[in-house]
Amino acid sequence: MKLRCIIVEDEVMARKSLQRLCEQHESLDLVSVFENAEDALVFLSTEKVDVIWLDVEMPGLSGFDLLENLTTIPQVVMTTTKTEYAFDAYQYQVTDYLKKPIMLPRFKMAVDKILELNARKTTVSTQRQEIYVKSEGRYIRLPYSDILYIENIGDYVKIFTHDNSYIIHTTMKYLEEKLGGQFLRVHRSFIVHLDKIVDIEENNLVIAKKVIPISRANKPELMNRLNML
Amino acid sequence: MFEFNAHLDADYINEIYGGDLTIVQIMFSSFLEESIPVWNEMYDKIISKNYAEVGRLAHQIKPSFSMVGLTFLHPKIQAFETFAKSGPAHGELLTQYQQIAVDVNHAKLVIEEELKRMEDYV
Chain A
1 MKLRCIIVED EVMARKSLQR LCEQHESLDL VSVFENAEDA LVFLSTEKVD
51 VIWLDVEMPG LSGFDLLENL TTIPQVVMTT TKTEYAFDAY QYQVTDYLKK
101 PIMLPRFKMA VDKILELNAR KTTVSTQRQE IYVKSEGRYI RLPYSDILYI
151 ENIGDYVKIF THDNSYIIHT TMKYLEEKLG GQFLRVHRSF IVHLDKIVDI
201 EENNLVIAKK VIPISRANKP ELMNRLNML
Chain B
1 MFEFNAHLDA DYINEIYGGD LTIVQIMFSS FLEESIPVWN EMYDKIISKN
51 YAEVGRLAHQ IKPSFSMVGL TFLHPKIQAF ETFAKSGPAH GELLTQYQQI
101 AVDVNHAKLV IEEELKRMED YV
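So the sequences go chain by chain: A and B.
Quick note: the first sequence uses this note's numbering, first residue 1, plus one each step.
Quick note: the second sequence uses this note's numbering, first residue 1, plus one each step.
It should be emphasised that the hints constitute simulated quantities derived from the structure, not laboratory data.
Only a predicted model underlies this, so the values are computations on that prediction, with no experimental measurement involved.
For each residue, glycine too, the CB sits at the ideal point set by N, CA and C.
Just to be clear, a hint being listed does not mean it is correct.
To be verified - With a Cα cut of at most 25 Å, we get these calculated DSS-like pairs of lysine-lysine:
| id | chain 1 | residue 1 | chain 2 | residue 2 |
| --- | --- | --- | --- | --- |
| 1 | A | Lys16 | B | Lys62 |
| 2 | B | Lys116 | A | Lys16 |
| 3 | A | Lys196 | A | Lys210 |
As the list claims (entries may be wrong) - Selected chain B positions facing chain A (Cβ under 8 Å, derived; list incomplete):
| id | residue |
| --- | --- |
| 4 | Glu15 |
| 5 | Ile23 |
| 6 | Gln25 |
| 7 | Ser30 |
| 8 | Phe31 |
| 9 | Ile36 |
| 10 | Pro37 |
| 11 | Glu41 |
| 12 | Tyr43 |
| 13 | Ile46 |
| 14 | Pro63 |
| 15 | Ser66 |
To be verified - Sample of chain A residues with no beta-carbon within 10 Å of chain B, all distances over it, derived:
| id | residue |
| --- | --- |
| 16 | Leu3 |
| 17 | Arg4 |
| 18 | Glu11 |
| 19 | Val12 |
| 20 | Thr46 |
| 21 | Thr72 |
| 22 | Lys134 |
| 23 | Leu142 |
| 24 | Lys158 |
| 25 | Asp163 |
| 26 | Val198 |
| 27 | Glu201 |
| 28 | Val211 |
| 29 | Met223 |
The shape of chain A in the complex, shown without the other chains (with noise of 0.2 Å):
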């Protein structure tokens, strides 16, 4: 699968540069480039990314500026023509830290450096069937076996367990892709997790007292994901 990232570079040639490598890249997947880090944050508020090519210096808001601006922190790589802001950089836990003109080997070498990363953080995430989720202040762990189903509620979803609920700010896609094959988007508005359904009936299904609409679309998916006698 390729990585989507986006590149925020306000310099038009290093922008370009940039443009054509990750476009070279087979393990990426460039959505966008921003010539300004304002429009990537309007851009980042709704849509999720694995990694950012990150400018240091920018009118307006710096690349710094950005990342502290970020609920959810992807993969970043820093690029800038100073080498001074290394240790603000690694402040950031930025994936690398890279020196404009960006050579070609040098590029490589990050996009493995991402990779790798990305490698060991989807083991870990697999292996784990867990998310942690921002809840006043504090990060609550949630198994995936205490997850009943998830609304999506305009910029925000809201995760419905049998004691309480979270509302985060993050996308249906990204939480379908992230929570793997034991959830199923069934509707627009609903992702549920398929072993917590009680019965379905019609365009209908029930989890905890709860009726879920079923979108005609997504009713075949769910059928042939059901163990039906």
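Fit chain B to the given chain A structure using the hints.
Coordinates of chain B only, in the frame set by chain A:
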């Protein structure tokens, strides 16, 4: 393999772009379209004695010279930027600009020529 004009630092170009002529063409075009107009704009700023803006513009286009293999110009632009930001005497800054402009104008012709040669080569 495409052989660049001896005026350009071919080793540096190949190191950055790994022999990808398409990106070299993109960079050369961008240099002509983006950096040269900024260089020309700096003259007006010197005449109007807006030295801070001259320094800012020099800083802005400085990396682009290396990116097209004009590595020998980078230290000259760097020194010019520093001088512009130091509150120079008007005549001295203009003289320094005109001296570098000889190199920049020649470099522009080389880049234009190389761009044409690359189009034919590719």
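Structure-based check of all given hints:
1. Distance check on the hinted pair: Lys16 (chain A) and Lys62 (chain B) sit about 16 Å apart at the alpha-carbon level, within 25 Å; holds.
2. At most 25 Å may separate the alpha-carbon atoms for a hinted pair to count; Lys116 (chain B) and Lys16 (chain A) meet this at roughly 20 Å.
3. Distance restraint check for Lys196 (chain A) and Lys210 (chain A): the Cα-Cα separation of roughly 11 Å lies within the 25 Å cut-off, and the hinted pair is therefore satisfied.
4. The restraint placing Glu15 (chain B) at the interface with chain A holds, with a minimum CB-CB distance near 6 Å, inside the 8 Å limit.
5. Using the Cβ-Cβ criterion of 8 Å, the hint placing Ile23 (chain B) at the interface with chain A is satisfied: the shortest such distance is roughly 4 Å.
6. The beta carbon of Gln25 (chain B) is not positioned within 8 Å of any beta carbon in chain A (closest approach about 10 Å), and the interface hint is therefore violated.
7. At about 5 Å, the closest approach between the beta carbon of Ser30 (chain B) and any beta carbon in chain A falls short of 8 Å, and the interface hint on this residue holds.
8. Nearest Cβ of chain A to the Cβ of Phe31 (chain B): about 7 Å, under the 8 Å cut. The hint holds.
9. Checking Ile36 (chain B) against chain A by beta carbon gives a least distance of about 12 Å; that is not within 8 Å, so the hint is violated.
10. Look at Pro37 (chain B): its Cβ only gets to about 11 Å from chain A, farther than 8 Å, so that hint breaks.
11. The interface hint given for Glu41 (chain B) is violated, since its Cβ lies 15 Å from the closest Cβ of chain A, which is over the 8 Å cut-off.
12. Annotation: interface hint on Tyr43 (chain B) violated; nearest CB of chain A at approximately 21 Å, more than 8 Å.
13. With a cut of 8 Å, the hint placing Ile46 (chain B) at the interface with chain A is violated, because the nearest CB-to-CB distance is about 22 Å.
14. Proximity of Pro63 (chain B) to chain A holds as hinted, the smallest CB-CB distance being about 6 Å (cut-off 8 Å).
15. Nearest Cβ of chain A to the Cβ of Ser66 (chain B): about 6 Å, under the 8 Å cut. The hint holds.
16. The non-interface label for Leu3 (chain A) is consistent with chain B: the shortest C-beta to C-beta separation is roughly 21 Å, beyond 10 Å.
17. For Arg4 (chain A), the condition that its CB be more than 10 Å from all CB atoms of chain B holds, with the nearest at approximately 22 Å.
18. With a least beta-carbon separation of about 7 Å from chain B, Glu11 (chain A) fails to lie farther than 10 Å from that chain, contradicting its non-interface assignment.
19. With 10 Å as the threshold on Cβ separation, the claim that Val12 (chain A) sits away from chain B is violated: the shortest Cβ distance comes to roughly 5 Å.
20. Under the 10 Å C-beta cut-off, the non-interface status given to Thr46 (chain A) relative to chain B holds; the minimum distance is some 30 Å.
21. Once the 10 Å rule is applied to beta carbons, Thr72 (chain A) is consistent with being away from chain B; the minimum gap is 31 Å.
22. With a least beta-carbon separation of about 39 Å from chain B, Lys134 (chain A) lies farther than 10 Å from that chain, consistent with its non-interface assignment.
23. Distance to chain B confirms Leu142 (chain A) as a non-interface residue, since its nearest Cβ pair spans about 45 Å, more than 10 Å.
24. Look at Lys158 (chain A): its CB is around 46 Å from the nearest CB on chain B, clear of 10 Å, so calling it non-interface holds up.
25. With a minimum CB-CB distance of about 56 Å to chain B, Asp163 (chain A) clears the 10 Å threshold, and the non-interface call stands.
26. Its beta-carbon lying about 57 Å from the closest one in chain B, Val198 (chain A) satisfies the requirement of being farther than 10 Å from that chain.
27. The Cβ of Glu201 (chain A) sits about 58 Å from the closest Cβ of chain B, beyond the 10 Å cut-off, so the non-interface label holds.
28. Val211 (chain A), annotated as away from the interface, keeps every beta carbon of chain B farther than 10 Å; the closest lies near 56 Å.
29. Non-interface call for Met223 (chain A) relative to chain B: holds, since the shortest CB-CB distance, roughly 49 Å, exceeds 10 Å.
Hint check: violations occur at hints 6, 9, 10, 11, 12, 13, 18 and 19; the rest are consistent with the structure.
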